[in-house]
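Number of protein chains: 2
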Amino acid sequence: MTALMSAAELEQALRAVGAERYHNRHPFHGLLHGGKLDRRQVQAWALNRYYYQCRIPQKDAALMARTEDRELRRVWRQRLVDHDGAGPGEGGIERWLRLTTDLGLDRNYVISTAGVLPGVRYAVDAYIAFVRDRTLLEAVASSLTEIFSPAIISERVAGMLANYDFITRETLAYFNARLDQAPRDADFALDYVRRHARTPEQQHAAIAALTFKCDLLWAQLDALHHAYVTPGQVPPGAFGWSG
Amino acid sequence: MTALMSAAELEQALRAVGAERYHNRHPFHGLLHGGKLDRRQVQAWALNRYYYQCRIPQKDAALMARTEDRELRRVWRQRLVDHDGAGPGEGGIERWLRLTTDLGLDRNYVISTAGVLPGVRYAVDAYIAFVRDRTLLEAVASSLTEIFSPAIISERVAGMLANYDFITRETLAYFNARLDQAPRDADFALDYVRRHARTPEQQHAAIAALTFKCDLLWAQLDALHHAYVTPGQVPPGAFGWSG
Numbered sequence: 001m002t003a004l005m006s007a008a009e010l011e012q013a014l015r016a017v018g019a020e021r022y023h024n025r026h027p028f029h030g031l032l033h034g035g036k037l038d039r040r041q042v043q044a045w046a047l048n049r050y051y052y053q054c055r056i057p058q059k060d061a062a063l064m065a066r067t068e069d070r071e072l073r074r075v076w077r078q079r080l081v082d083h084d085g086a087g088p089g090e091g092g093i094e095r096w097l098r099l100t101t102d103l104g105l106d107r108n109y110v111i112s113t114a115g116v117l118p119g120v121r122y123a124v125d126a127y128i129a130f131v132r133d134r135t136l137l138e139a140v141a142s143s144l145t146e147i148f149s150p151a152i153i154s155e156r157v158a159g160m161l162a163n164y165d166f167i168t169r170e171t172l173a174y175f176n177a178r179l180d181q182a183p184r185d186a187d188f189a190l191d192y193v194r195r196h197a198r199t200p201e202q203q204h205a206a207i208a209a210l211t212f213k214c215d216l217l218w219a220q221l222d223a224l225h226h227a228y229v230t231p232g233q234v235p236p237g238a239f240g241w242s243g
Numbered sequence: 001m002t003a004l005m006s007a008a009e010l011e012q013a014l015r016a017v018g019a020e021r022y023h024n025r026h027p028f029h030g031l032l033h034g035g036k037l038d039r040r041q042v043q044a045w046a047l048n049r050y051y052y053q054c055r056i057p058q059k060d061a062a063l064m065a066r067t068e069d070r071e072l073r074r075v076w077r078q079r080l081v082d083h084d085g086a087g088p089g090e091g092g093i094e095r096w097l098r099l100t101t102d103l104g105l106d107r108n109y110v111i112s113t114a115g116v117l118p119g120v121r122y123a124v125d126a127y128i129a130f131v132r133d134r135t136l137l138e139a140v141a142s143s144l145t146e147i148f149s150p151a152i153i154s155e156r157v158a159g160m161l162a163n164y165d166f167i168t169r170e171t172l173a174y175f176n177a178r179l180d181q182a183p184r185d186a187d188f189a190l191d192y193v194r195r196h197a198r199t200p201e202q203q204h205a206a207i208a209a210l211t212f213k214c215d216l217l218w219a220q221l222d223a224l225h226h227a228y229v230t231p232g233q234v235p236p237g238a239f240g241w242s243g
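Note that the protein sequences, when read in sequence, are chains S and U.
Mind the numbering: the first sequence is residues 1 to 243 in our numbering, read in order.
Mind the numbering: the second sequence is residues 1 to 243 in our numbering, read in order.
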């Protein structure tokens, strides 16, 4: 087992995981942000990513169900407000549906998740199971990809606006909200992990949890890349399958 | 299997469960409300009931983690706000701690749950497991004891104020808040169960879920009664144990 790190060293190790494995480095995102995809491929991305979006509140509720810490629950609850909305027709999931609708996808088809790639589904479901079954520290640490998301969002919004005439600033409203929400959430979770990973084993588990999370984001893009980037191999039943 | 009931018949059957099994009929509550307990016994009740109070948000988060219905999650979220508070120092759990503190119990000892009767702990833990593992309909139906709580709360507040000189209106602030919250929650859950229990099997499961919930509230009072009502038999380690 490695030695106990200081909190600053642990943070450095966590940031190194992101630098190496966060999905901004995946080739699919290079194509997406660089204007190299056609409208159908962008649709496929938004449709599949909806599955991740709509399951996030269940993941966050699973985390809250595990903790006896009222303060942690109260802070974490804001994530449910952000995604499910303060009221009907609000929130991140609704904003994601704005994106898929603007891209020309049928709202009910998206919500049904019928066209989602099995590989994407398994990756997201693995995330929920991880948060439900592992230690609370690992559950919190797995959220730390938020540290890296403002950079990719800025890149994405600029790239997609510049490169696709079917994308407007309103289409991407989801991401503007996340630019404020993600750093707030990441700061809290990083502080939590720094304070609660107090043994080498716990520090190792926190790093492994973040690695796991990076892997599952990456796996979603692998599935998209394989299915929809030339020569795409769409699996039976998924969006765009020709039968 | 019994025949399909109308929604009104189902509601009637659910109300009949409460009329027969809700814990307002338990002898311990008769003693509590009638001024027949001493301060130590009232302390034991408040201390043990804290375990139920503090676990309720985990139960509600477990329910939210199970559903893909954003609307249901959004409405149910209010329960977490009610119990955990809109901000620090607020909410139902904090108000329950006001009660235990006013009764002369050490706040940290209460929060530690170290003195809780094992029988109470098992009953509450069984509730959380039920909500996590059964169908969503059963999870919602198990909350329907809220239908019956305003009556017992009114009786409790009046009885305790009249009968105990160590109880003030401020001590019982928890219950005043519940008089507004419980009917709102019960109306929503009852409407949900009426709409979603659409087969005889589902109706039977909903009735059984409410029966299960009544049983676990009752079991908590059985444990209290056995341990603290003359001749009380306090189990090892629990509040008031003399070793």
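One or more hints might be untrue.
To be verified - Chain U residues, not near chain S, derived (Cβ > 10 Å throughout):
id : residue
1  : E9
2  : C54
3  : P118
4  : I152
5  : G159
6  : D165
7  : N176
8  : D191
9  : G243
What the hints assert, rightly or not - Simulated coverage check for chain S against chain U, where a stretch passes if three residues somewhere in it have a Cβ under 8 Å from a Cβ of chain U:
id : stretch
10 : 5 to 12
11 : 77 to 88
Derived by calculation from the structure, the hints in this document are not laboratory data.
No residue lacks a Cβ here, since even glycine has one placed at the ideal position from N, Cα and C.
To see whether the hints hold, each was checked on the structure:
1. E9: With a cut-off of 10 Å, U:E9 remains clear of chain S, as the shortest Cβ separation is near 31 Å.
2. C54: It is violated; U:C54 is separated from chain S by about 7 Å at its closest Cβ, not greater than 10 Å.
3. P118: The claim stands: U:P118 keeps its Cβ more than 10 Å from every Cβ of chain S (closest is about 18 Å).
4. I152: Label holds. Min Cβ-Cβ 25 Å, cutoff 10 Å.
5. G159: holds, 30 Å
6. D165: holds, 32 Å
7. N176: Since the minimum Cβ distance to chain S is about 21 Å, U:N176 lies beyond 10 Å and the statement holds.
8. D191: holds, 16 Å
9. G243: Nearest chain S Cβ is 27 Å from U:G243, so the label holds.
10. 5 to 12: violated (count 0)
11. 77 to 88: Coverage by chain U holds for the stretch 77 to 88 of chain S (7 residues, Cβ < 8 Å).
Checked against the numbered hints above, the structure breaks hints 2 and 10 and satisfies the rest.
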